[in-house]
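**Q** Chain D is fixed; fit chain X onto it per the hints.
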Amino acid sequence: MKNTGVIFFPAFDWSLGELHPEREERLLYTQEQIFEEGIMDLPQIRQYSPGVSHIGDVLRTQAIFPSPKEHHLDAHLIAVGSSLVLGDALMKKEIANGFALVRPPGHHSGATVWGNRGFCTLNNEAILINYLRAKYGVKRIAVVDTDVHHGDGTQDIFYHDPNVLFISIHQDGKTLYPGTGFITEKGGPNAWDSVLNIPLLPGIGDEGVIYALENWIMPRVEAFKPDVIINSAGQDNHFTDPLASMNVTARGYGKITELIKPDLAVLEGGYAIEGALPYINMAILLALAGEDYSGVIEPQKPVDKEIGGTAVRTYLNGLKKQQEAVDPYWNYRNDHFLPGGNWVYLEKSTYYDTDEFKENRKDYIRVCNHCGGTVLSMTQKLSAFQKGVLIRIPFEACSQCEQAGYDLAETLTKSEKTVVLQNQLRNDVRIWNNGEEVSTFGLKN
Amino acid sequence: MGSLIGIDVGGTYTDAVRITDGHIDIKGKIPTNQDDILSTVIAALDHLKISESKDIDHITVSTTLVTNAIVQNRLPDVRLVLFPGSGMKLSALPWPVSYTAFAGELDYRGRVVKETDIVEFQALADELKQVSPKPLTAIVSKFSHRNNIFEEKLAAFLKEEVPELTVALGSQYGQTNFYRRSLTTYLNVAAGELFHRFTEQLLQALAVRGCHAPVRVLKADGGVLPLAKIRPVESIYSGPAASVLGAMAQSTSEKSYVIVDVGGTTTDIGLVLSGSPLASMHGAQIGDFLTNVRSLAVRSLSVGGDSAVIMEDGEITLADYRLGPAYCIGGHVPTPTDAIRYLNLSDYGDYARAKEALMTLLPEDQQHTQKLQETALHIVAMMTEKIAQAIEQLLEEWKTEPAYKVWEVIHHQNDFKFFIQLSGGGAPGIKVALARRMKTETILTDHSEVSNAIGAAMAKPTFSWTLHLDTKFRIYRIEETGEQGCWTGPKKPHRLVEDFLRELAQSHIASLGIKADDLEKEIFDYFPLVENYHTVGQIIRGAMHVPPGVIGRITT
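Sequences listed follow chains D and X, in order. Residue numbering for the first sequence follows the numbering used here, starting at 1 and increasing by one per position. Residue numbering for the second sequence follows the numbering used here, starting at 1 and increasing by one per position.
If you're looking for bench data, these hints aren't it; they were derived computationally from the structure. Don't be surprised by glycine CBs; every beta carbon is placed ideally from N, CA and C. No false leads were mixed into what you were given.
To spell it out: a stretch of chain X is covered by chain D in this simulated footprint if at least three of its residues, at any positions, have a beta carbon under 8 Å from a beta carbon of chain D; those stretches are:
| no. | region |
| --- | --- |
| 1 | 85–92 |
| 2 | 172–179 |
| 3 | 527–535 |
Derived pair list, reagent style DSS-like, types lysine-lysine, alpha-carbon separation capped at 25 Å:
| no. | chain 1 | residue 1 | chain 2 | residue 2 |
| --- | --- | --- | --- | --- |
| 4 | D | Lys93 | X | Lys399 |
| 5 | X | Lys114 | D | Lys305 |
| 6 | X | Lys114 | D | Lys301 |
Label-pair distances were calculated between CB atoms; the ranges are:
| no. | chain 1 | residue 1 | chain 2 | residue 2 | range |
| --- | --- | --- | --- | --- | --- |
| 7 | X | Asp499 | D | Leu16 | 29 to 35 Å |
| 8 | D | Gly308 | X | Lys89 | 23 to 29 Å |
| 9 | D | Gly309 | X | Glu164 | 58 to 64 Å |
Here chain D stands alone, though its shape is the one from the complex (with noise of 0.2 Å):
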């Protein structure tokens, strides 16, 4: 039989403030509704209970800054162990799909992390997606993130990997949080084409969410041959959504998850909490364990049409071709601490909604044929004047980009507070503070 995983962890105990829409309130009624279902008794389903994430396996993929220590994890831990604890029933082979249903949710958080932003601290599927590589050395992902908003955080950490496949489709970032995601970001030098973003006009409807995944994502999916397929179930496209206006229904829902057919889902984001979420979270867990989910009626009613037909056809088909005629431009940079080679230099600042601050962020990287390159962000947090410094040694790096990463650690950590290095290719993770090792948090037990 396909067994579907499944790890329900609302954090009934935990909320970002009162009135927030990240509550404890939030999947009360899809507990509810999901339990009064029996969807639990199904056989085919196998409930796991939560785990607690290693921090050595959260900083394989994302700098915390200043420090672990310094944020209050410990409900995010969970939300990042739970989704591990799916991935490995998958690996193992004990489960066929699964669903992470867990709060919070992660894909705003990027590579660099300063604090909550989006909602989100630390990225659930990109530090699982890190896992699985380093723990059972599957080699192509791909991650169809479905959530109404850009998916900005997992973009960032896999930006410059060619062997993820990071594909958004969400509402345009010009009405939107987190206003990203438009069709010209595709990836870094080393990795031009593994992103894709789909910017979709508001209102868009079942229809035109179910034509994009046909026509286009589900193509560059197949086209890219992923060993795991990963979807941030994002549940913020439904009609009754506070915050954005997607028009899309449960039951769409479902065809979504049917037509993506994701190895491991992790719930992002959806704060209509009684008109969506119930029946979304009902109709995905369903469409994973091969049921029928024609049955879930959510019981308002869409207001708007949806658009639908030949203008959402049209638009879409369009966007396609703009977005396939997007080309590369890079600024080259030789600044006195870089090793040798050609490192094209990328700038972002990205805004923590949550916490109410700016990052600026300087990313240099490592041109290179045989791998993704080694990178190094020099990030600053505006308001409390504080700095660090990631630099990251791929998975599958070549021996140039493994060196260079090395030499950058040695040239950085004599001026820099704050250095990480992230090694991916020997799975192994270095802090150091004003020259000092701190602490390798062990990732290699």
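**A** Only chain X this time, still in chain D's reference frame:
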């Protein structure tokens, strides 16, 4: 203090004890007549000389009456009417009984989404008027534990139209899970008459013997309730609960231990954590029926002292069935009991016959002492391995219980040190082997053979009151009793709600006629309800328990 009487009706034997001031006065074991549980219980009471006993505090019965009737499919059919609304298809889950689905839908907060259809009501009534005798009827709506409106409506309609009809409502079993609630309601109403007849005849038999002591029935959750207050379906699986309680009554430890009760046909395995028996996260399953009957986390293994040892493909194997008693006590097939007797790990049964039993498993040229010894050890090892694996599974199940709060996950304690408390006829035989296999101490219980009856006699009453309160809609509900009422308190009652539940529990305790000095409070969860950036009320979940346990300890 007077005497306590305990009767445990098992698959093969029925155990009986009389306990006075912590001492066992009389104990006995009589064969169970599965076709006549009542006469078995009465025979056990007679064995204890019930008519001569003065001053009996209570008689507790743990019986397989309802369990057997369900498993053997001897219960009458029930007309099951469902209001499933939308959602998952009913056919997604295996329904062991047929049902009729009516229109009408509620949501997770008990709001009416779609009204019921009076035409369907009338058609059902008309149909029921035609049939005789009237079928038992169970009505269950999805989310009836949040709002019983549809169930009450149909019940009232049928009462008017078909007054003689017996109707049971799912909202009386107010736990979340429509599927289990439906099947539990079904079984309870189906078992009603059987159980009622049993209690009447038992009380009559006791009266004839001049005994008027209160009679209690053991439940699957390890607690007891007075005969008149128990729901028949709650009496299922009391046997394993009796095993756990029996071991607790004979253990002086407040520590954590695994209980292994090796019976003739089955071995029950339970878990005690810091002196409290572990409850199962899920309702009990009986036959094809998944229920929401609370039970202790117990594993019942089809392996025991009388399990048949057979040759399969030239290998000695342990069957998961029994073919009569052990060879050494007059049976026809070799069993672990014979192996244990041959190894002198017990003096139960005839040594010569035990040896004979083992010889039947070996070719003639190998029937020498060394080979017999090896064979006997092999049989004990097979039995030990099966039990050890079940222990490991149970521990794993406990360690991987679902958790829904950060606090629970961060503080989940799963590094208890365990010893093993062994009871039952086969216990001495595996004491050493199991200790070695599980790398822990094994302790034998003194009155192993009547452990379950001791558990029944010494069991405390239990009850739980699980509250679900929605202060916005001003409705409160109690899971265990199905009570639904109007909340008149404030929108954000905070601690007030704990007092409310405590008072409610205490008045119910009085009406149940049980003693409960140790009402335990669970942590209450408060969910602020937010609408348009304002808190408009709270959903509060909380519970109070009279936890399971034993009245005292057996002294030797």
